[in-house]
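Enquirer: From first to last, the protein sequence lines stand for chains C and F.
For what it's worth, my numbering labels the leading residue of the first sequence as 1, then goes sequentially.
For what it's worth, my numbering labels the leading residue of the second sequence as 260, then goes sequentially.
Be aware that one or more of the hints could be misleading.
[To be verified] As a list, the in silico DMTMM-like pairs of lysine to aspartate or glutamate whose alpha-carbon atoms are at most 25 Å apart:
#1 Lys87/C <-> Glu559/F
#2 Lys34/C <-> Glu412/F
#3 Lys424/F <-> Glu344/F
#4 Lys87/C <-> Glu164/C
#5 Lys424/F <-> Glu28/C
#6 Lys424/F <-> Glu412/F
#7 Lys34/C <-> Asp49/C
#8 Lys456/F <-> Glu559/F
#9 Lys87/C <-> Glu167/C
Hints listed in this document are in silico derivations from the structure and should not be mistaken for laboratory results.
Read off the chains here:
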Amino acid sequence: MKRSTLGSWISVAIGAVYFLLPLIATFEFSLRLKRGVYSFEAYRIVLTDPSFQASFLYSVVLALATIVVGAVIVVPTAYWVRLKLPKMRPVVEFVTLLPLVVPAIVIVFGHLRMYNSQSILPLTDSSFGTDLLLTFGYVTLSLPYMYRSVDTALAAIDVATLTEAAESLGASRTATLTRVIFPNIRAGLLSGAFLTFAIVIGEFTFASLLNRPAFGPYLQLVGANRAYEPAALAIIAFVVTWASLGLIQVFGAARKGSK
Amino acid sequence: MGSETTGAPVERTAAQGGRPSPGRGFSLTWLGVVPFFVFATLFLIAPTGLLVVGAFQTADGSFTLANLAGLLHPSIVAAYVISLEISAASALGGAVIGFFLARAIVSGGLPGWVRPTVTTFSGVASNFAGVPLAFAFLATLGRTGLVTWALMEWFGFNLYATGFKLLSFLGLTLTYLYFQIPLMVLILTPALEGLKKEWGEAASILGASSLQYWRMVALPVLWPSLLGATLLLFANAFGAVATAYALTGSSLNIVTILLYAQIRGDVLHDQNLGYALALGMIVITGGANVGYIWLRGRAERWVK
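Please model the complete structure; the sequences and the hints are all you need to start from.
Expert: Structure (structure tokens):
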């Protein structure tokens, strides 16, 4: 038994070194902007850069729009499938997993072909149309995570009984969905939402190929032109990812506690 | 998106039955999933389908196999090969290291705090990809990176004198491992939990060593999960664009970068050849995923 514990410690230690070393190196590098002394100068430059603020804000708004559109599409579908169409479940599940099969760059290539200026629905003609297309693209990317989170949350509640109870009290279908089902799957929905946020906030391929001023292309641009600022941005991106996913843990724990 | 009215057309049916019953009006139930399928068709299935069709068309729309034949051009074959190599190496490396890490936290007899720490960290690290990951590895293993410096300073080892580059097979594989290992840990932990304690106890009562237990009991049960997860990791690496693109400096012709350049500026001078390039990618990642789904089906047979 002793030997196997040692082996386990070695595995965890190797993992820890592999994951912490780049973080430490990046952090150290981000402090090196001023010659000879460690300073947070790179962070100051980045955080006060107007294009940083603009692109970050743009991506935050886009992430929120993605979460709202995604929830509006996924929640009623997952609810309806569980309640009325259990036989459709494998089909719906398969479609939600497609974005893991088809690489993002292929999906956006398809969008560019289908919605370009010569097409019937030329979404890429206006910047609002392109923003819309980008949001829908991000919704497809988030489908696997959103659907799984929501469906798992729905599995934990008795959908049929809750629906019958709401209906016998005179609730309409919409009221049942917004006032009974939504609150009951809030934790699952939130975990899908934060995961979506983490994916969308720094996404590069879609935003860059659709030519939108998002945070991902901004990161790439800074990376191509600056030395120390990219390291500071990487640390900021890591903190944002950590915060998004940390919040899932917090809400997940809160749900378990309340049950 | 019209989804607010999802239930409206079927209200009457639902109010009557409560539960699905083959009564009258039942056929309208499917309307509830229409918004989802319309969305999926418009933004997922049709765009992908258009590319697949385009791969078999000439510029003026007639049928041809010339685009697929065009994929055999040496520079395109080379791009596919290097992409396949990096994806395979990072998937295998991620699978092996991830397996040991997952085993350590599930059944390694470590203190209670280790497991939640490792899983939380894996959740974050598996999502820490794209451009920032490239920056992190430039700061670590780049020419002025901390590890490069430490190797030189402490061991007198000049990494770059060996011809090492981040934008190479080895460099990109090392970088991809940063999200591949944690992904493997996340996928494999539930499978390892499915191994019943009694199997280990029974094996050890019968005098099996730990190695014999893994070789003759655990691995035969686990291998579909292991191999399936490896295939998922493979597809994950194969579709990655941003990390490689952000590691500027020299150019490494992996297939996603080639496709990216084609979409931006038509480097192949043939739009339909670009569609064929995309089709090739779908076939490869699709194949990996079909393998994953099939193997997961096999794995569930044992774990349940």
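Enquirer: Hints the structure violates: just list their numbers, smallest first.
Expert: none
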